[in-house]
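Line order of the protein sequences matches chains E and Z. Under my numbering, the letters of the first sequence match residues 1 to 754, in that order. Under my numbering, the letters of the second sequence match residues 1 to 138, in that order.
Hint data in this document are derived by calculation from the structure and do not stem from the laboratory. Here the structure is a predicted model, which is why all the values come from computation and not from measurement. Any given hint could be a false lead.
[To be verified] With a straight-line cut-off of 27 angstroms between C-alpha atoms, the simulated DSSO-like cross-links for lysine-lysine are: (1) Z:LYS126 with E:LYS226; (2) E:LYS448 with Z:LYS74; (3) E:LYS505 with E:LYS494; (4) Z:LYS126 with E:LYS328; (5) E:LYS10 with Z:LYS56; (6) E:LYS505 with Z:LYS74; (7) E:LYS420 with E:LYS494; (8) Z:LYS56 with E:LYS323.
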Amino acid sequence: MTESNEELAKDLGLLSALTIGIGTMIGAGIFVLPGEAAVAAGPAVALSFVVGGIISLFTALSASELGTAMPKAGGSYYYVNHALGPLFGSVAGWGNWMGLAFASAFYTLGFGEYLATFLPIPALMLGPVGLTSFQVGALLAGAAFIAVNYIGAKETGSVQIIIVTFLVGILTIFSVLGIFQTDLSTLRPFFPAETGGVSAVFPATGLVFVSFLGFAKITTVAEELKNPGRNLPLAVVGSVVIVTVMYGIIMVILMGVVNWQQLGPSFTTTPVLDVAETAFGTLGLAGIGVGLLTFAGLLATASSANASILASSRINFAMGRDKLISDKLNAIHPNFATPYRSIAVTGALILLFIVVGDVKTLAKAGSVLHLIVYGLLNIALIVMRQADVEEYQPDFEVPLYPVVPIVGAITSFGLIAFMKPIEIALSLVFVAGGLAWYLLYARGVAEKKGILSQYILNRSEEMPPAAVSAASTVQPDGGAFRVMVPLANPQTEKDLITLASAIAKQRGGTVDAVHIVTAPDQTPLEHAADHVDELEEEYHAILDDAKHDAETFGVDVETHTIYSHRLFEGIFNAAESHRSALVVLGWEEETHGLSDRVKDTFDGLTDGLPCDCLVLKDRGFDPDEILVPTAGGPDSDLSAEVAKLLQSEYDSHVTLLHVADSKEDGTTFLQEWADTHGFTDAALQVETGDIETAIERAAADSTMMIIGATERGLLSRLVGGNLVLDVVDDVECSVLLAERSRTKGLLERLSGDE
Amino acid sequence: MSQLFTESIVVPVANREDAQATAVALEPYDIGDITVLHVIEKGEGVPDKTPVEQSKQIATESFAAFRETFPEAKTEITYRRDVVAGIIEVARDTDASAIVFRPRDSARIFKFLAGDRSLRLITEAKRPVIALSEEVSD
């Protein structure tokens, strides 16, 4: 694809970007909310809008920096997921998506209110649910907006600019005419005692904050902007400034023309129209004024709803890309070229919210969810800056870092505190829902890790253990089966990698080849990392070999070098942080081996392995004739699994061996065991007498023996050098010792019960 | 000097299935140069219906599906609000001898809503347009 072609993909100029922001925001604050807002704080609600604008401004600055650094579809959600990882990403994604659905329902209900001023729409009883005429109008309108997005009929850019210009123009005329009708005494008391005086300002901000949801939508289409480094910050910050000024002025005028008590929902549903009647009435144009403002109200709410529906499909796409939701949701319609399923699902939610919610609830629900996302977005910015990632090169940087993102995060989360307890509880339900979604669904499929957890895990020695443990606990599994191979001895590298690759291949997994560099206690680990060539010569050669060997096998391989003071601690910490399902270790007597290095240190193993573990006593890798001695138990389950994997990779011949007191009992047991573990074509061998002699005898015909550890902590005794199972030394074939993981459950680890 | 209709053709494809079916339908014929084209619908002033990233992905999939049958085919992506105009423009720029496409069946209501692109392509292109048979046996 040519460069010039690529440029064609970017077709949104500054004006277009500004109109996305202003067009989305202007609908709510002025046309739908003034009544509720007036009741909430009286004339002082003008201040609430200004406060909302200032809070938005901090987040807008942060969003601009993130947007110029990562011009990706998905906007806020993408930044949070990228920086903080898929756990917070799930919260942000769902929060943003549902927040947009609530906001769309709110705008659409506002549209219904304006529709009802001139269309006689009946109220309806739908079974047990009574619908007001507003709701009926909103449902019809909502269905129409959804259909428009589903089919993908879009106005052209010039139409959008005309709409926004018209709106701004009408509101300017309205303001100018209104000023002449404004009576300063009507504005007094500015902080009416009935609403709670000054203290009403912040709670009212919580209500009107929905008027500012829109600036972040510009970032969801950042990839389509021309010259995003300049236009994105200008559009995002500019649209917030413009609407804040407009909101402030218009609120003062509304409440200067008509006493705030008469603007409330108990008097009128469309206070703007009442004020327009007075303002335009001075010119004898009351009817025209009301007509113009009605038209403007319809246009404004419709464009807000439309923009939100579209933005939510962007969030869905970005979540699907990160595998936090099924990508099926993002399928593109073959004829309309729209993400029709995403739009249909969001549409259904919007219609549902219209039926169950009223204007105020929907506005607050939309606000709270967005505030959570905005708070996380500010934290994401701090993480990106602190982690100092090379790819992070924003064209625009927030001024006064870290003040702006810190204030942005505090004010965003802080505003939530001014909501009613029930609203806060509701938002926590959504957060919990996002967390549950991640832990129950997305964790198993998501692959992308956050910058934050990488930052912590890469510095696991310096970070507080709780942080490391938490970061590794919530890592995505990626659905991938990861096999870790700690490598020390070049002689056994090939056999270990071959074994690991065979298993990984069968399970569609990945091999992590890990070279663990142990440093003396006196040597700080950073020093070890910088002087690794002094500690071990050609330390990288073994990883290169491992990579090569695994790749000839056709499995994905990643190589890592890890520095640790304790070999086994290093191995099992690495296994935990990489979420390995299996560790394959070599076991040798020679000086290069593992056993001599660590006689004393590994107490951790007695607590249980973080993952399944295979120890290879290597006498040449040859899986032709596999012997699996079993006496049942979880460790022999693992040996059965491994035997089956090797069997399907190498077409091995498997013999199952059980040593029992009587032949009859033994045969019954072994037959049943073979059936449970799905061995259909294995040879069954039952012996009586001394266990070890029997195993030795059977092993004479085998090329490899896979044996369950059978006793707790066998592995730790193995590395301590006091293995009691002499049979491992006495047989002549290679031996694989299998020990099943006995890791604590996720909940125990989350609760810090270490 | 006479030119063959199929000397150098532009083949618009919408998605993977379409690309595959179109390639299969083209296979029996003797054709010169093929440029397989995907037009990404742009908003031109308003946000797109589909994220650009996803559209590019669809283009890549479509090209891969087409090249299963015609590995030598050239590929082209263009960005236009008006898909038909985009096709015609690329045909002009590559000086194609013909535009070859597979009309996709769609209900009349969709044609009304989305516009009958087949008809527009045939009437607006200033060069031969060949419609492939819709019946494809798998």
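Going through the hints against the structure:
1. Z:LYS126 with E:LYS226: With a Cα-Cα distance of about 32 angstroms, the restraint between LYS126 of chain Z and LYS226 of chain E is violated, given a limit of 27 angstroms.
2. E:LYS448 with Z:LYS74: Since the Cα atoms of LYS448 of chain E and LYS74 of chain Z sit roughly 34 angstroms apart, the hinted pair is violated (cutoff 27 angstroms).
3. E:LYS505 with E:LYS494: holds (16 angstroms)
4. Z:LYS126 with E:LYS328: violated (39 angstroms)
5. E:LYS10 with Z:LYS56: holds (13 angstroms)
6. E:LYS505 with Z:LYS74: The given pair, whose Cα atoms are some 36 angstroms apart, is violated under the 27 angstroms limit.
7. E:LYS420 with E:LYS494: violated (64 angstroms)
8. Z:LYS56 with E:LYS323: holds (18 angstroms)
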